[in-house]
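A.B. asks: Order-wise, the sequence lines are chains H and Z. Residue numbers for the first sequence follow numbering that gives the first Met the number 0, beginning at 0 and rising by one. Residue numbers for the second sequence follow numbering that gives the first Met the number 0, beginning at 0 and rising by one.
Keep in mind that the hints were calculated from the coordinates and are not lab data. It is possible that part of the hints are untrue.
Restricting the straight-line Cα-Cα distance to at most 30 Å, the calculated cross-link-like pairs of lysine-lysine (DSBU-like) are [to be verified]: (1) H/K8 to Z/K115; (2) H/K8 to Z/K150; (3) H/K103 to H/K231; (4) H/K25 to Z/K165; (5) Z/K61 to H/K61.
Between beta-carbon pairs, the in silico distance windows are [what the hints assert, rightly or not]: (6) Z/F102 to H/E19: 29 to 35 Å; (7) H/K2 to Z/D7: 47 to 53 Å; (8) H/E46 to Z/S118: 18 to 24 Å; (9) Z/F102 to H/K25: 25 to 31 Å; (10) Z/T68 to H/Y90: 48 to 54 Å; (11) H/I87 to Z/D7: 23 to 29 Å.
Quick reminder that beta carbons are idealized off the backbone N, C-alpha and C, glycines included.
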Amino acid sequence: MKKEDLIKKWLDNEQLTKQESEAFEKLDAYDSYVRISETAKQFKAPEYDVTSNLDIVTQQLKAPNTKTSGKTYFYSILRIAAVFVIGIGIYFSFFNEYKGKEIKTIASQKATITLPDNSIVKINATSSLAYDEKGWENNRELYLDGEAYFNVAKGKKFDVRTSLGVVSVIGTRFNVKQRENIFEVVCYEGIVSVNSNDQIEYLKAGDAIIFNSEISEKLKVTDQEPTWYTNKSYFNKTSYDRVLKELEWQYGVEVKTKNIDPTIVFTGNFVHSDIETALQSITIPMRLKYVINNKTVTLFKE
Amino acid sequence: MSKSLFQDVCDERLFSELFKKHSKNLHDFIYYKYGSHIDPKDQVQEAFIKLWDNCNKVSVDKAKSFLFTVANNLSLNKVKHDKVKLKYQSTEKKDRTNESPEFIMEEKEYLQKYQKALSNLTESQRVAFLMNRIEGKKHKEIAEILGISRKAVEKRIYGALEKLRKDIDGI
Numbered sequence: 000m001k002k003e004d005l006i007k008k009w010l011d012n013e014q015l016t017k018q019e020s021e022a023f024e025k026l027d028a029y030d031s032y033v034r035i036s037e038t039a040k041q042f043k044a045p046e047y048d049v050t051s052n053l054d055i056v057t058q059q060l061k062a063p064n065t066k067t068s069g070k071t072y073f074y075s076i077l078r079i080a081a082v083f084v085i086g087i088g089i090y091f092s093f094f095n096e097y098k099g100k101e102i103k104t105i106a107s108q109k110a111t112i113t114l115p116d117n118s119i120v121k122i123n124a125t126s127s128l129a130y131d132e133k134g135w136e137n138n139r140e141l142y143l144d145g146e147a148y149f150n151v152a153k154g155k156k157f158d159v160r161t162s163l164g165v166v167s168v169i170g171t172r173f174n175v176k177q178r179e180n181i182f183e184v185v186c187y188e189g190i191v192s193v194n195s196n197d198q199i200e201y202l203k204a205g206d207a208i209i210f211n212s213e214i215s216e217k218l219k220v221t222d223q224e225p226t227w228y229t230n231k232s233y234f235n236k237t238s239y240d241r242v243l244k245e246l247e248w249q250y251g252v253e254v255k256t257k258n259i260d261p262t263i264v265f266t267g268n269f270v271h272s273d274i275e276t277a278l279q280s281i282t283i284p285m286r287l288k289y290v291i292n293n294k295t296v297t298l299f300k301e
Numbered sequence: 000m001s002k003s004l005f006q007d008v009c010d011e012r013l014f015s016e017l018f019k020k021h022s023k024n025l026h027d028f029i030y031y032k033y034g035s036h037i038d039p040k041d042q043v044q045e046a047f048i049k050l051w052d053n054c055n056k057v058s059v060d061k062a063k064s065f066l067f068t069v070a071n072n073l074s075l076n077k078v079k080h081d082k083v084k085l086k087y088q089s090t091e092k093k094d095r096t097n098e099s100p101e102f103i104m105e106e107k108e109y110l111q112k113y114q115k116a117l118s119n120l121t122e123s124q125r126v127a128f129l130m131n132r133i134e135g136k137k138h139k140e141i142a143e144i145l146g147i148s149r150k151a152v153e154k155r156i157y158g159a160l161e162k163l164r165k166d167i168d169g170i
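The whole structure should be built from the sequences, with the hints applied where relevant.
C.D. replies: So, in structure tokens, the structure goes:
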């Protein structure tokens, strides 16, 4: 019998014949084989108790109902969570896209912004402007509360919406002024259409229109740019109460008057940089005095 | 044609029998192949649960190979490809105090060498060899468990023995 076959037979736990045993014991590596074989037993796998493990498995298999209901509970929570996630997602994407960008200026602050099509908007103090930045190419529409000057790039219809009316233009420069119930539009270049109270007016360059309550008044303007952007407010034969309203807008103050006729006419200007200078320039010519008390300015006649 | 050509295992008694018949072998197989760090008990449990979940698709005679394949795949997913290090039980016995320190030392070194040599075997060699030596299974039984021929088992075990001897004796 060959040596290899002998070892294989021994490995198969078979009874060796006497002759075979002797031959096996004579092998050089006999001691090694026996020792390897014996030592292997020390590497025995941990005890495996079939009965207890069967119990565990059967218990696990008998509990599928609770397991699945746990799952459905989890999934229903997932569903609710998903609704919230989608809702929040829609809210943010829709809201942001719809409302887009909003620029606000406080008293004594001005801003210049460039729209996505390179139209330029200069915003006067205490105004806010909102537009849809993403959809701008398709929908050139702005919401204005306050006063702003527009230099519009050529393109599709350009709408400025205010609470008092809509101004639509195609490539032009114009100023929109909305003050409580005064709505004033000045066109510096091109043509604009003004729609207020279902009344449509077309303005050419140099035309201005003022809607005061329901009365509209057309004027001619020679300026090339609105005067407010030179940091001054100009008035030409303007009623004094409108001058004071303008002051309130520019400086964010409250103006009170004593013994002053609001219908007197004022021609002149005031600066936007310093309230003292501004007050002096509108009171001294009218022989009036003023007192500044915090955010309230009182004008009175001596 | 015999009606039991396809008999599925969706029967609790049959399932218990399959468990009693195969779970220990499966456990040992996974242990000797991958070592203890993948929790062979859990793999066995998982495999039997999978068998139950798919009981109408698995016939009785395919159940064993299903179990071994599933358990093996589950273990493969868990196994970190480092060397398998099987734990050994120390032979120290309290009533044998007449052993010289040298002997104890030598014994310890031998076990460590043995452990290293075992991890150098191929997985199939190690499984066959240890099932044979430790669990005392005949070649034919191992061949049935592993689904291979008796000759292949013989070759694996013999190969393992020679490789161990070379590694340990440093030939």
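A.B. asks: Take the hints in turn and mark each one as holding or not.
C.D. replies: Here is what the structure says about each hint:
1. H/K8 to Z/K115: holds (26 Å)
2. H/K8 to Z/K150: Distance of about 12 Å is within 30 Å: holds.
3. H/K103 to H/K231: With Cα atoms ~20 Å apart, H/K103 and H/K231 stay inside 30 Å; holds.
4. H/K25 to Z/K165: The hint holds at about 19 Å.
5. Z/K61 to H/K61: holds (24 Å)
6. Z/F102 to H/E19: 29 to 35 Å: Because 32 Å falls inside the window, the suggested range holds.
7. H/K2 to Z/D7: 47 to 53 Å: holds (49 Å)
8. H/E46 to Z/S118: 18 to 24 Å: This hint holds: roughly 22 Å between Cβ atoms.
9. Z/F102 to H/K25: 25 to 31 Å: holds (26 Å)
10. Z/T68 to H/Y90: 48 to 54 Å: holds (50 Å)
11. H/I87 to Z/D7: 23 to 29 Å: violated (49 Å)
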